[in-house]
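Taken in order, these protein sequences are the chains called A and B. According to our numbering, the stretch in the first sequence is residues 15 to 383, in order. According to our numbering, the stretch in the second sequence is residues 15 to 383, in order.
Note that these hints are calculated values from the structure, not bench results.
When chains are identical, the list treats them as one kind, so a pair holds in a single copy or across two.
When the alpha-carbon atoms are kept at most 20 Å apart in a straight line, the in silico DMTMM-like pairs for lysine to aspartate or glutamate are as follows: (1) K38 - D314; (2) K21 - D280; (3) K21 - D76; (4) K21 - E283; (5) K112 - E283; (6) K21 - E277; (7) K154 - E216; (8) K317 - E107; (9) K274 - D327.
2 protein chains.
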Amino acid sequence: MKITCTKEQLHHAVQIVQKAVATKTPSPILTGIYLSAEGNQLQLQATDYEIGIKCTIEAQVDEPGAIVLSGRYFQEMVRRLPGDHVQIATSQEDRTIKITSNFAQFNLLSLPAEEFPVLKPLSDENILTVKDNVLKDLIKKTVFACAADEARPIFTGGLLEADADGIRMVATNTHRLALKKDNLDNNDKTIRMIIPSKILSELARLLTSEIPVDVNIYWHRNQVAFEFEHVYIISRLIEGQFPDYNKVIPASFATNITVKSSEFMDAVERVSLLARDSDYNVIKFSFKEDSVTITSNNPDIGKATETVPSHMDGNELDIAFNAKYVTDILKNINSDKLVFSLNTPLSPACIKPMDDNNYTYVITPVRTS
Amino acid sequence: MKITCTKEQLHHAVQIVQKAVATKTPSPILTGIYLSAEGNQLQLQATDYEIGIKCTIEAQVDEPGAIVLSGRYFQEMVRRLPGDHVQIATSQEDRTIKITSNFAQFNLLSLPAEEFPVLKPLSDENILTVKDNVLKDLIKKTVFACAADEARPIFTGGLLEADADGIRMVATNTHRLALKKDNLDNNDKTIRMIIPSKILSELARLLTSEIPVDVNIYWHRNQVAFEFEHVYIISRLIEGQFPDYNKVIPASFATNITVKSSEFMDAVERVSLLARDSDYNVIKFSFKEDSVTITSNNPDIGKATETVPSHMDGNELDIAFNAKYVTDILKNINSDKLVFSLNTPLSPACIKPMDDNNYTYVITPVRTS
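Take the sequences, apply the hints, and build the full model.
Rendered as structure tokens:
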């Protein structure tokens, strides 16, 4: 192999595939980045078998070929290269890979390229196209609600659904649930799959274009792939039956409270400072006619209390929640006001941005003495 | 106690004393911040017995008194308080401490103030005054050379010396030594003390005034204190005999090489990428008539080589050093060019900024096969 490319594009590509490089693995080849050159392109890929990422950049290819380099060292080296251009070539003398940029030269030992599990693209039989900003928003507004605990695998992923009604993502750890919907023009495909939260987070991080671009979603058996710009990400799916989330969302509420989002958020964050230790991670809300008082009580540290103005339709109510479950959703509400909807102190409540029916968060209260 | 102060000043003071709050300690009282109010001042202090920090701010004192609050919670709370002003008062009802700001109210349990080891200022019998920027520079340019290993305690501190010739700080781990000198006007005091590197680093971090201010240094028996603006830091000294550093610095050199500092630094950093693992943390320098070639060789990863132009007075020479010991000093050289001075491949070398006799770094080479 012998190629020349710009340092900027190479650095960008290495940063993208780096996230799929395995760190702890019994297979040394998975700690590498696979580089293959053909036509006028250099393709980089890495996989830890959970996630696989490919990224293609332009290159002047003098000799096509494929090599594997240590992901860790290659990444740090590329970041620090001095010149605008980089040449990567297999040395004829000692089978090392010679990387040169201005007066800097590295000779890296290569890993055996034939051992690398080259990613196979999914067939394009099943394909759905969605804008990157739509997909990113679906992920960011739900993925935090996934379970961290691996005991019940289906809750460690987000459910992606699409049909004639639009596209939706749902995540829950059984104590709270986040649902985000969006429109999808002219869609005749139906999909329903559970994608690991780790892959969703990585995908959201990579969806950073400043002008909306198309993301093609492919799926086949227990795999899903996302293709956008020069990037291709492939992941396994989580198998199992996701619960019917429509049954979890209460159909009606006795009480609806409207508050200013940022004011409410700041107050909840302050009060929850004294509720952070796992044993006492509870904050109480006392909803009155024109205000809500938020309190916490940590026997080892002290008490916190704060009152914010609110508007109520319904009945006064005292209710308690896990503080983290409340702050998690408040961080994701972008509108000026939010609506907190309740029935009784022991039945699920709902938090929504005001005037937005596409984002719903259901939260189960905590029973307090 | 009952006081009112600005959130800004309180936050600033908490951040300063926070660094002396003990985290792992068998004495719970040391995890607290001691607040005492008198006249029109609020004083905060914390100590872990290694270091003690006091900070004084203005306050409207309605009732004088002293309390101790959990350092961790008090700090996080103050940071998030909503208003411009904060009221702190002992509650008459339940002996908690009531902290209010706008509509937020915290009632924190207090720790027993009478158990707090209140810091006693050193007598002002021994005092030396130095500008904060001078002291900060002395510390920053030497403290990194201290030993991390506690086996020989004197090398875990920096030696501060002052006399009619000026002020100096020296640090060494026996493999490399950094010496920084500065002038001191009209000084008739002689001091020579070894200050723990952890305290020096903390002190350098706190010396951040934009216009130079005076730092008063007090010492008595095995303690030293630094006083500036509203801050007072007290530390134990390290006991023992610091070696005569003048004997470590070679009197003359056979070869002097001049290079551009930033170009040399970048090349050394790139080459040392492949020398980072502890077993092979060695880079080689081949000094020629008009260039220096820097190389590393890590049998598990590969080789790196880079050549930078230089100017030589003396003889060509090949020599090897611990890569970290070289990059550590290069990060601290601010001038455009530096001088690398050498005798033989096995005798100590010296790195200095060009045209600056106040900063000297001595480094012992590594014997290679």
